[in-house]
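**Q** The task is simple: from the sequences and hints, build the whole structure.
Heads up: the protein sequence lines correspond to chains A and B, in order.
Each residue of the first sequence is one higher than the last, beginning at 1 in my numbering.
Each residue of the second sequence is one higher than the last, beginning at 469 in my numbering.
Keep in mind that the hints were calculated from the coordinates and are not lab data.
Treat the hints loosely; a few may be bogus.
[To be verified] Here are the simulated lysine to any residue pairs, SDA-like style, with alpha carbons at most 20 Å apart:
#1 K369(A) to V342(A)
#2 K720(B) to R303(A)
#3 K252(A) to L792(B)
#4 K337(A) to M577(B)
#5 K720(B) to V350(A)
#6 K252(A) to R866(B)
#7 K720(B) to E327(A)
#8 K337(A) to K369(A)
#9 K252(A) to T800(B)
#10 K720(B) to N351(A)
#11 K252(A) to S790(B)
#12 K805(B) to N380(A)
#13 K252(A) to A801(B)
#14 K720(B) to A10(A)
#15 K845(B) to S876(B)
#16 K252(A) to V818(B)
#17 K720(B) to N380(A)
#18 K377(A) to R433(A)
#19 K45(A) to A83(A)
These are the residues of each chain, in order.
Number of protein chains: 2
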Amino acid sequence: MNQNITRQLAPLFYPRSVALVGISSTATNVGYMFLQSLLDAGFPKVYPVNPKGGELLGVKVYPSIKDIPGEVDLAILTVPREAVPEIARECAQKRTKGIVLYASGFSEMGPEGRALEEEIVRIAREGGTRVIGPNCVGTYNPSAKLIPQFILPKESGPVGVISHSGFLFYYLLMSVAATGLRPSKGVSCGSDSDLTCVDFLEYLGQDPETKIIVAYLEGIRDGHRLLQVAREISLSKPIIVMKGGHTDAGIKASASHTGTLAVSTAVWRALCSQTGIISVDSFEQMMDALLALNYLPRPKGRRVGIITTPGGLAVTGTDACSQLGLEIPQFTAETRKQLAGVVEHLGTSVNNPVDLGLVGALAPEYYVKEAIRIVAKDPNIDMLLTAFTGPPGDDDARDRKVADILLSEIAEGGKPTVICGATPQGWPRGELRFLADSNVPVYPEPRRAAYALAKLTEYSEFLRSVQP
Amino acid sequence: MNQNITRQLAPLFYPRSVALVGISSTATNVGYMFLQSLLDAGFPKVYPVNPKGGELLGVKVYPSIKDIPGEVDLAILTVPREAVPEIARECAQKRTKGIVLYASGFSEMGPEGRALEEEIVRIAREGGTRVIGPNCVGTYNPSAKLIPQFILPKESGPVGVISHSGFLFYYLLMSVAATGLRPSKGVSCGSDSDLTCVDFLEYLGQDPETKIIVAYLEGIRDGHRLLQVAREISLSKPIIVMKGGHTDAGIKASASHTGTLAVSTAVWRALCSQTGIISVDSFEQMMDALLALNYLPRPKGRRVGIITTPGGLAVTGTDACSQLGLEIPQFTAETRKQLAGVVEHLGTSVNNPVDLGLVGALAPEYYVKEAIRIVAKDPNIDMLLTAFTGPPGDDDARDRKVADILLSEIAEGGKPTVICGATPQGWPRGELRFLADSNVPVYPEPRRAAYALAKLTEYSEFLRSVQP
Chain A
1 MNQNITRQLA PLFYPRSVAL VGISSTATNV GYMFLQSLLD AGFPKVYPVN PKGGELLGVK
61 VYPSIKDIPG EVDLAILTVP REAVPEIARE CAQKRTKGIV LYASGFSEMG PEGRALEEEI
121 VRIAREGGTR VIGPNCVGTY NPSAKLIPQF ILPKESGPVG VISHSGFLFY YLLMSVAATG
181 LRPSKGVSCG SDSDLTCVDF LEYLGQDPET KIIVAYLEGI RDGHRLLQVA REISLSKPII
241 VMKGGHTDAG IKASASHTGT LAVSTAVWRA LCSQTGIISV DSFEQMMDAL LALNYLPRPK
301 GRRVGIITTP GGLAVTGTDA CSQLGLEIPQ FTAETRKQLA GVVEHLGTSV NNPVDLGLVG
361 ALAPEYYVKE AIRIVAKDPN IDMLLTAFTG PPGDDDARDR KVADILLSEI AEGGKPTVIC
421 GATPQGWPRG ELRFLADSNV PVYPEPRRAA YALAKLTEYS EFLRSVQP
Chain B
469 MNQNITRQLA PLFYPRSVAL VGISSTATNV GYMFLQSLLD AGFPKVYPVN PKGGELLGVK
529 VYPSIKDIPG EVDLAILTVP REAVPEIARE CAQKRTKGIV LYASGFSEMG PEGRALEEEI
589 VRIAREGGTR VIGPNCVGTY NPSAKLIPQF ILPKESGPVG VISHSGFLFY YLLMSVAATG
649 LRPSKGVSCG SDSDLTCVDF LEYLGQDPET KIIVAYLEGI RDGHRLLQVA REISLSKPII
709 VMKGGHTDAG IKASASHTGT LAVSTAVWRA LCSQTGIISV DSFEQMMDAL LALNYLPRPK
769 GRRVGIITTP GGLAVTGTDA CSQLGLEIPQ FTAETRKQLA GVVEHLGTSV NNPVDLGLVG
829 ALAPEYYVKE AIRIVAKDPN IDMLLTAFTG PPGDDDARDR KVADILLSEI AEGGKPTVIC
889 GATPQGWPRG ELRFLADSNV PVYPEPRRAA YALAKLTEYS EFLRSVQP
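**A** Here you go:
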């Protein structure tokens with residue numbers, strides 16, 4: 001473990017003070033928005049910097065970095081790119097720990113921009129100052145009240161977030177929060193001129209608050225180091241990555257976006273299989289996989305027991321699992337015998353998928369519960385997909401009670417269990433809401449539930465392959 | 469066109485009277501729920517039937533079908549399967565136009581059940597009575613106030629719905645309504661013992677209220693006729709199908725669900741390419757395709773112009789389009805020249821994908837509008853994917869105005885245009901809501917927007933292949 005990384009990056013995630021260089025009082029000025037948000041979050045020490053001096057939102061404005069009396073851990077530069085080298089020099093002289101380069105127009109614009117970028121990094125590093133960006137919004141850490149935008153979650157959770165894209169950085173943080181989870185820390189790292197996504201991955205791998213990592217990555221500057229770092233982190237923390245720019249057309253688009261090198265689909269796939277990185281094709285898939293990987297134990301194999309209330313979901317759930325490479329094996333004779341004692345005779349099935357019929361939807365606290373109890377004990381079954389649907393109830397106390405009964409059975413069974421709600425918007429069963437609030441992954445349709453199990457299985461198989 | 473179908477099925481979708489056979493006053497009795505819902509919807513003539521007679525919810529109960537004074541167009545039978553043959557005989561004698569068999573336990577249970585099913589159909593057909601089911605909930609038609617469940621939409625729209633699964637029938641109707649569209653008519657057809665999904669498809673094909681059809685199908689009894697019927701309907705109405713039971717495991721599950729014959733993935737694919745049926749793998753994909761196929765004109769080719777506000781969405785949108793078989797061609801020199809007059813110099817791109825930078829998100833009424841205007845005119849471009857994102861506004865009047873400006877530009881351009889919001893739950897831009905309300909397909913992330921365009925293209929290519 002490279003403890004140097006934690007030492008160097010900690011001040012960028014836990015800065016005792018932040019300078020906002022390039023701030024002005026216009027409402028659309030990015031520095032001004034940072035200032036508002038940091039003050040609102042209660043961040044203790046902010047130094048606005050503008051040659052004109054004066055005061056902004058009640059905070060004294062310093063003419064330059066060197067005029068700031070105390071130490072500056074992090075300087076966020078929202079000045080035009082031409083002004084950056086001089087300010088980087090001042091930061092280096094002040095031994096600022098890190099600078100965030102918000103501006104774009106560097107390596108993604110060609111050789112001249114790349115030369116400017118390299119010069120800035122050289123100047124900064126002379127003072128031991130590390131550079132995040134350019135073309136980024138930098139670090140976010142709710143534990144340190146380092147909240148660069150109003151809209152971002154202010155409570156801390158287990159999910160580390162890395163993004164090469166600034167906009168998608170905010171989007172990922174908000175999407176994580178929309179699942180009910182919260183980010184632990186995050187970084188928008190832009191063009192990776194000095195500190196790269198691999199450095200941040202390594203930092204989050206060592207961060208005790210971070211239990212799982214999601215990342216939107218475009219080009220990778222150091223594939224070999226990513227391989228080593230990701231492989232080690234994956235042993236204890238799942239890493240879920242949406243890779244932008246791996247089709248030919250996407251690679252071209254990425255070059256003009258971040259200016260970093262892209263990798264082809266084939267290279268990316270090989271890298272994922274060696275590192276245990278869970279690769280997804282959309283942000284929705286990322287959040288679906290996140291829920292399962294965060295909340296569920298690891299399955300011992302790829303065999304799914306499917307339990308459904310009325311029929312069509314048994315078929316579509318089975319199709320989806322099968323298409324995604326999971327197995328739907330026959331239950332043992334003992335399981336079938338026990339299920340036969342629970343389900344009604346007509347219009348149901350005690351095979352896998354179990355079809356509990358309409359009664360299952362009407363009285364899940366008995367039928368679904370019993371089916372979970374029986375199927376979870378079957379030695380042929382590694383995990384459960386339960387499609388738990390039907391008309392919505394309107395009795396919160398009953399729904400909470402039903403959810404508690406199911407929760408206790410799921411916990412008792414000890415096997416990874418996802419719930420599929422088949423719930424159109426505005427038509428949620430109350431039990432599902434309570435289950436989701438109690439850390440059970442609930443998906444709106446069978447394919448997404450099956451996808452989450454497939455990704456959970458992929459990670460579990462990686463772990464078995466390296467820790468036999 | 470087989471007008472016989474419309475003549476025979478019209479009384480099942482526009483019944484002047486409905487008999488509910490097997491009703492009782494217990495709250496979980498299905499007939500009782502149907503009665504409540506039909507009365508609530510204002511359906512004019514309902515005859516509850518129970519040997520005990522009496523009255524239910526203020527409506528006279530008849531001891532049997534033959535005791536009903538007037539004609540009965542549709543009889544919904546919620547009696548146990550053993551009681552069905554005798555009641556079917558009474559329906560036939562009364563020249564009832566159709567019966568819905570709610571019960572299960574027929575052909576899906578093996579030879580004995582199949583024989584019983586065949587006997588019922590034979591008895592019914594002797595009186596000219598057609599059978600829907602068994603194992604189904606029958607017809608739904610808001611125009612005729614034929615609403616079998618409280619929760620279903622009461623207003624009529626353009627979307628015909630067919631489902632082999634009763635639960636997924638309700639789910640599909642609700643999901644259609646959740647998109648903002650409404651169903652025209654629907655049928656849960658169960659095991660296709662007499663009337664099959666192909667009959668209902670043909671009926672909806674001829675129904676003037678129905679402009680587009682979505683279906684959840686399991687086994688197909690008459691593939692040859694489906695081929696002919698679907699191919700003809702596809703010329704004027706898109707048919708979107710989620711096919712359950714085409715993997716080996718799914719086929720087994722389907723057999724015990726509806727008892728119909730399943731088809732393999734390969735056969736299904738061949739059938740779709742010959743008929744123009746748009747096949748989807750999930751209900752979410754079905755609704756995403758529905759919006760695009762319902763609202764958008766047909767693209768002339770598969771070339772997408774991508775317009776985005778800040779960068780990461782340009783890359784992921786391009787990847788998604790490319791993976792799904794769409795092309796992202798170079799713009800003409802004229803287009804690039806015009807775009808250069810609109811976008812800012814730094815951190816943007818006038819190539820395809822266009823990256824408008826942060827200003828695009830801050831002032832879409834100028835930047836996004838201008839980009840749509842310019843790109844829609846490019847002869848290299850057949851359709852547009854616009855990722856229109858950024859922080860949410862809180863000014864409805866402004867949002868409505870921005871939406872109107874964009875709507876007018878999209879209409880002027882005349883090319884199919886989808887919007888990608890990249891909008892986590894609870895973080896919608898107001899403009900997007902107004903656009904969605906104005907019949908522009910809005911998707912929450914690039915992959916789903918690209919998928920919708922890919923399905924639109926697939927349908928358009930089918931049309932060109934048969935109408936060169």
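**Q** Looking back at the hints listed earlier, which ones does the structure fail to meet?
**A** As far as the earlier hints go, 6, 12, 14, 18, 19 are violated by this structure, in ascending order.
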